[in-house]
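Trainee: Each chain, letter by letter, is given below.
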Amino acid sequence: MRVLLRTLSPLLGLALAAVGVLFVVEVVAAWVRPDATSGLVVPWQAWQAALGDLTWADGPVRVVSICVGVLGLLLLLVALLARRHDVALTSPTPAMTVATTPRVLARIVGRHVRESDDVAAATVSASARKVVVRAEGWPESDGGLGGLRSDVRARTTELLETLPLARTPRLAVTTRGRKDPR
Amino acid sequence: MTVLETPPKGVVRRSRKAVARSAFGDRSRLALLGLLLLAAGAGAALLGWGVFGGGRATRPLLDPMIVDTLRSQPLLWRWVAIAAGVVVFVIGVVWAVRSLRPERRPDLLLESASDTTLLVTGSAAAEAVADRAAELPGVSRARGRMVGKDDDPALRLTVWLTDEADVVAVCRALDEEIVTEAREALGVAHLPVAVRLELDSVTHGPRVA
Numbered sequence: 001m002r003v004l005l006r007t008l009s010p011l012l013g014l015a016l017a018a019v020g021v022l023f024v025v026e027v028v029a030a031w032v033r034p035d036a037t038s039g040l041v042v043p044w045q046a047w048q049a050a051l052g053d054l055t056w057a058d059g060p061v062r063v064v065s066i067c068v069g070v071l072g073l074l075l076l077l078v079a080l081l082a083r084r085h086d087v088a089l090t091s092p093t094p095a096m097t098v099a100t101t102p103r104v105l106a107r108i109v110g111r112h113v114r115e116s117d118d119v120a121a122a123t124v125s126a127s128a129r130k131v132v133v134r135a136e137g138w139p140e141s142d143g144g145l146g147g148l149r150s151d152v153r154a155r156t157t158e159l160l161e162t163l164p165l166a167r168t169p170r171l172a173v174t175t176r177g178r179k180d181p182r
Numbered sequence: 001m002t003v004l005e006t007p008p009k010g011v012v013r014r015s016r017k018a019v020a021r022s023a024f025g026d027r028s029r030l031a032l033l034g035l036l037l038l039a040a041g042a043g044a045a046l047l048g049w050g051v052f053g054g055g056r057a058t059r060p061l062l063d064p065m066i067v068d069t070l071r072s073q074p075l076l077w078r079w080v081a082i083a084a085g086v087v088v089f090v091i092g093v094v095w096a097v098r099s100l101r102p103e104r105r106p107d108l109l110l111e112s113a114s115d116t117t118l119l120v121t122g123s124a125a126a127e128a129v130a131d132r133a134a135e136l137p138g139v140s141r142a143r144g145r146m147v148g149k150d151d152d153p154a155l156r157l158t159v160w161l162t163d164e165a166d167v168v169a170v171c172r173a174l175d176e177e178i179v180t181e182a183r184e185a186l187g188v189a190h191l192p193v194a195v196r197l198e199l200d201s202v203t204h205g206p207r208v209a
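For the record, the sequence lines run as chains Z and X.
Following our numbering, the numbering of the first sequence begins with 1 at its first residue and continues without gaps.
Following our numbering, the numbering of the second sequence begins with 1 at its first residue and continues without gaps.
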């Protein structure tokens with residue numbers, strides 16, 4: 001979302017500047033050429049005639065209104081969601097701020113979880129508030145995966161307590177059994 | 001025995017701000033434009049559905065009443081239109097320039113007198129600190145950058161850790177060795193620092209021994 005914001009911002013700025021220039025050019029052109037039947041760059045006289053014929057209740061006007069509203073909502077969502085998602089770490093002094101990305105936290109947790117012999121594969125998604133571990137392993141003799149789940153949970157909790165995180169994230173562990181032999 | 005001195009509030013705030021380039025301006029402008037479009041679109045749609053009265057919904061988009069008002073004082077409205085166009089143009093240019101402008105890299109002014117000025121360039125100071133940080137155990141590489149304003153710069157240090165790194169020990173060494181050393185060398189009482197921790201890319205050993 002941050003990349004989208006960085007891309008959209010200068011483009012919208014330039015588009016706004018272009019609209020301002022075109023507006024001034026057309027107003028001045030209409031002023032100095034009062035008998036002209038068409039605009040200098042933009043055919044605004046044809047648009048003026050069309051807008052004079054359309055009413056607010058017409059179908060195309062409603063469709064365009066809804067499209068403009070949806071576009072506004074999307075821009076608003078991009079602006080709201082483009083915040084940083086850093087994971088804050090405790091720092092040795094107040095004059096130092098330490099942070100990392102959710103990707104790094106997920107990699108550290110994933111590596112630690114996969115070190116266990118009982119885990120065949122694992123995927124981890126992390127944020128400053130929550131860490132979700134999806135582990136795959138082999139079912140026990142009774143067909144259950146309770147042992148794998150508690151093992152992964154214990155290992156991850158131990159790691160999260162070791163890391164100097166400013167706020168300990170909630171942990172969610174899900175497990176899936178593998179059918180292939182160990 | 002080392003006595004820890006509490007840094008001023010400004011130093012703490014600057015160290016927090018230095019973590020990454022702020023996108024507050026871009027986000028605010030985009031949110032404002034989004035709100036305007038949303039309000040205009042929703043207003044026009046409600047008008048079309050007759051929420052503000054059935055009579056208003058059946059009036060043309062370019063209302064003759066408004067056209068007559070504009071034609072009654074053409075000179076005034078021409079100047080108003082030109083002024084509005086110039087304002088939109090200036091807002092757009094300022095927006096684009098601020099979005100595309102690279103982040104500031106302030107230099108460190110150590111001494112300033114009437115005839116002499118002692119200045120350390122931002123890149124030199126940041127690279128020196130980053131080179132020292134890269135020598136710490138558990139750190140594979142580091143990159144430094146001075147950020148902020150000319151009169152209150154801060155250091156942003158991006159540190160890539162190895163698999164075996166002890167995060168707590170690296171942070172402590174950065175503060176006690178690297179940043180303290182930099183402060184003493186530069187002769188500044190407080191240097192706000194923001195550290196970004198990254199993991200170095202996974203390196204695989206040779207497939208054939």
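Read the hints as simulated data drawn from the structure, not as lab findings.
We put the CB at the ideal spot given by N, CA and C, even for glycine.
Careful: at least some of the hints might be erroneous.
[Said to hold, decoys possible] Per the computed footprint, the stretches of chain X lying under chain Z, defined by three or more beta-carbons under 8 Å from a beta-carbon of chain Z, are:
id : stretch
1  : 34-40
2  : 55-66
[Said to hold, decoys possible] Far from chain X, some chain Z residues (derived; all Cβ distances over 12 Å):
id : residue
3  : 97
4  : 125
5  : 127
6  : 141
[To be verified] Just the calculated beta-carbon pair ranges, DEER-fashion:
id : chain 1 : residue 1 : chain 2 : residue 2 : range
7  : Z       : 70        : X       : 22        : 24 to 34 Å
8  : Z       : 73        : X       : 187       : 24 to 34 Å
9  : Z       : 73        : X       : 124       : 46 to 56 Å
Trainee: Just pull the numbers of the violated hints for me, sorted ascending.
Mentor: Numbers 3, 8, in rising order.
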